[in-house]
Each structure stands twice: as C-alpha cells, then as structure tokens.
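Position chain B relative to chain A; hints supplied.
Chains as they are written, first to last, in the numbering used here: chain A, 1 to 123; chain B, 1 to 431.
For the record, the hints were derived by calculation from the structure and aren't laboratory data.
Note that the structure is predicted; figures quoted are calculated from it, not measured.
We put the beta carbon where it would ideally sit given N, CA and C, even for glycine.
Derived coverage of chain B by chain A (criterion: at least 3 residues anywhere in the stretch with Cβ under 8 Å from a Cβ of chain A; other residues may be distant):
#1 81 to 92
#2 329 to 340
Computed list of chain A residues with no C-beta within reach of chain B, every gap over 10 Å:
#3 Arg77
#4 Leu82
#5 Val98
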Amino acid sequence: MLIGFDLLDRQILDRDGEPVGKVDDVELALDTDGTPYVAALLTGQQALGDRIGGGLGRWIADIARRLAPDRDRGPIRIPYVLVAELTSAVNLSVRREVLPDPPLETWLRDHLIARIPGATDAT
Amino acid sequence: MSASSVTSRTEAPPSPAGGGGVKQVLAIALGVLTAIGGFVDIGDIVANAEAGARFGLAHAWVLLLGVIGICAYAEMSGRVTAVSGRPVFDLVRERLGPRVALANLAGSLFVTVLTLGAEIGGVGLALQLATSVDYLLWVPVVGVVLWATLWRAKFSLLENLFGITGLTLVVFIIAFFRLSPDTGQLWHQAAHPGPPAGEDWGTYWFMAVALFASAMTPYEVFFFSSGGVEERWSSKDLLTSRVNVFVGFPLGGLLAFALMATAATVFHPLQMSVDALSQVALPAAVALGKLGLAAAILGFFAATFGAAMETGLSSAYTVAQYFGWAWGKLRRPREAARFHTVLMVAILVGVAVLMTTIDPIQLTEYTLVFSAVALPLTYLPILVVANDRGYLGRRVNGRLANTVGLLYLAIVLAAAIAAIPLMIVTRMGGG
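One chain only, chain A, in its complex shape:
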C-alpha cells in the first residue's frame, strides 16, 4: 500500500457506510525493530489545515481548533486497528457514534439546522 496514493484523501466510511470524514493526514509510529507503520488516521479540518500549510491552512486549522470543545484536543484520531477494509473508501469496523463528533457539524446542527421545522423528517 502506498500511503499517498491509496490512503491519503480517501473517504472514511463507518461500518454502515455512513461518511465519517476524509483521511486528512496519517500518524506514523515505529515498531520495536524501527519499521514505521500507520498508527492512526487523522480527520477533520484541523488535520487538513495543518497538512495544507501556509496562511490558508493555518486559518482553516484555527477555526477548527476554536470550534472544538477542548482547544488542546488535537485533530480527530482514528486508530488504524479500526480499519476493516481498504477499497475506493476506507471502511471502518465500528459505527461513527463511537468516534469523536466533528465539532462544526455539532455546532451547526444545534444552533441552526435542528431549529428549522422538518429537520428530522426523512425525505
């Protein structure tokens, strides 16, 4: 597997096929004999902003950090052991409810969308 070609920027789906986010970055670690391996997927605008870099990237990451419940929480981290299968998407073995909530989604849902009549109706 090539991290840049087969993993980065792919869509992450939970076990029901619901979108979780993109693989915005990966966290590498070294095992006992010094071989690097992918320890976790990083997702969310904080990870994305840091990866884009420059003024624009800092701005994107700053907004995400400001919206997060805890400013020092860091980007959303999905341990690689939760990955069930790599296809055209990264399929997880868990439901997205067990992962940390994306802060922007939560904020917009609570402050805007859920207050409009019909927000919970299936279409």
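Frame of chain A; chain B shown alone:
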C-alpha cells in the same frame, strides 16, 4: 465500499428498472435534468438564441462538439459512481490532493454559486413574462421557494418534476418546423462555420468558447454523479447510468439547437439581435400563437428552476465531498447539518448577488472565466480514475473512451486558455 455495504446498497431500494413504462421514462430524469442545467439554463437559452440571430447556424457544430464531450465524461463519472460509489469531487480530492483540489473547489464553487444566482434571476424573468411583475421582486420569493423545495422534497420528485417539465421546451422544435425554414440556407450556414458579413472572427470564437464551456460546465458531472449516489446506484445500474447519459445530454443539446435554429430562422434574415428572454420566446409565439408562447414560458420556468436546483445542490455537494462530510438529500437534514448550511448560504449569496441589479444573463457569461480554472482540474481526475482498476476492476475505460477523453482534455484546455483573451479582445462578445 465494504462487501456488506455493497450488498445493502444494491438490496435496499426497489429497482427503478423493474417497473412499468412510466418508471422507465422517469429513470432517465436525472440525465435530462442534468443536461437542462448544462444546455438550456438561463445563460444558454439567451446565448443560443443570440448566436442564432447573429451568426445563423454557424455555431451548430459547437453544440455537437459539446454533446459528445459531456457524454464521454458523464459516462465515465457515472460508471465510476455506479461501480465504486464515489462521486466526482471525491476523485478530484483523491487524485489531486488537498491543495489543488481546494483551488478547483474555489473555482468551481465561484462559477456554480454565481450561476445559481443567474438561474434564480432566470426564474424571475420567466415569471416576469407571465405576470408582468418585475423580476427583481420575484427574486427573493424564488430564493425562499427554492430553499424550501430543496429542504423538503424528495430527490426523485425534484428530478422527475423539473426534468420532465423542462421538456416543454420541445415547443421550439415544433415551432421550427411550423416556421417552414429555408433549410438550404440554414444548411449552408451550418456547413460553413465562420462569421457572416458584419461580424468578426473574434466575436465568432468568443461565442463558440462560451457555448462549448457551458456544455461542459463542471457542475454537470458533480450533480450527475452525486445524483447517482442519491439514487443508490450500484454496478447493476450501469445501464441506467448509460441510458441517462446517452439520452439526456443529446436531448439537452437538441433543445439548445432548436433555440438556435428558430432564432436563425426568424431573426437572422432581419439582422436583428437577441438579448432578452422575451425575444427568445418570440419564434414560438410567431409559429404557434398564444399556446406556443405559454409553453415556451413554462419551459423557461422549469428549465431555469431545474438549473437552480442543480447548481444549488452542486455547490453543497462539492464542499461536502471535499471535506468528507455527510451529504445528500437521502439523509435527514439533521444528519447533514454542514451540507444543508452550505446549501442555504449558496442560495443566500446567489440572491444577494442578484439584488445588486446585475443582469442575470450577463452574469453567466462572466462565470466563464472562472470555469477556465475548474474545467481541466475536474476532467483530468475523472479520466485518471476511469483507468484505475482499484476503483473499476474490469470496467475501466476502453480505447474509445480514452481517445475521446484525451482529445477533449486538449480541447477543454485550449478553450480555457483562449477564454480570457477572447473576452478582453471582444469586450464580452460585444464586437
């Protein structure tokens, strides 16, 4: 797509192909609606009639070129979506990385939101024709109705209603035959591309690039592939996808051609030019009377409202797909809060742009410059992924699709490079 979710994708919905004749007609509504947004949205309705009035059928080949190009790329993106479940902007992000994809997002979002504004104005103009109430008064009403429709209505209802009603524009095909056109003369114009006396090559090419770019405008593939996901296409729906492409886009191109041809028949011999929607409707009224006019206005209304839905949804689709957010009308709004917020903001911005009293028809011509950035950056990743066995298995591009794809990539690039200088030299086609 994991094995389990592939099965759930294919088993969950009742297959549209299994139904009777009506269902089979409705199964191509996505292709028809997508094509209407590309070929007969407000900018194109007027641009085609203007080209017909000023140049006769000398631009007919551009429509043919555009139809073939969008068919080739929509087929590829429909195939990728059906087989892998990935819509086009996912591919843009995966193959171009976050920075270049962000440039594409900025360019195409700018085009799409401005076009959305223009379409809202177009709906207003159609309502102005029917009611004589100034279109600017209609704009906020249309904005609210558009938002409410996209908030509440089912995706399939939207595409069926506006895809099919937009076909009222066939009135221009009937009108063309009723006008008993001088076919020898029209054929001569079509077979000898170039500016007639009194027009210059710069203006001729500016119109050609404008008509071609709008035929291949990127929001069509964004909308078409996302619509495929909304309809839960799987490998079993490859045929549905292809029928959508090869019926929908030629039909859109034919409607555009009918607008050009009626204008070429009525206005070109009189050396009149066309720059307003009311003038475009005139040939239908001349040939078919009040009923013809009513059908034309209904067609304008449905086509522009359909295009407004297409551009509105496309704006939200692309942003959500770039960031990996939950998106789509198949989810409750509460489950896709970011998606619905982008949709709302896009409509608000579109309405705000129009309230500056900018001419909605001219607005779509300006957006051409910005689609220059987005066009190659959208079609290149589609072509690359359509050759990737990791996504498509044995359903990768054949030699024909790759030849046509590469050829059009070159044409798109040439059109993108030529667009800005031509715009400056001809002062937006003013000559």
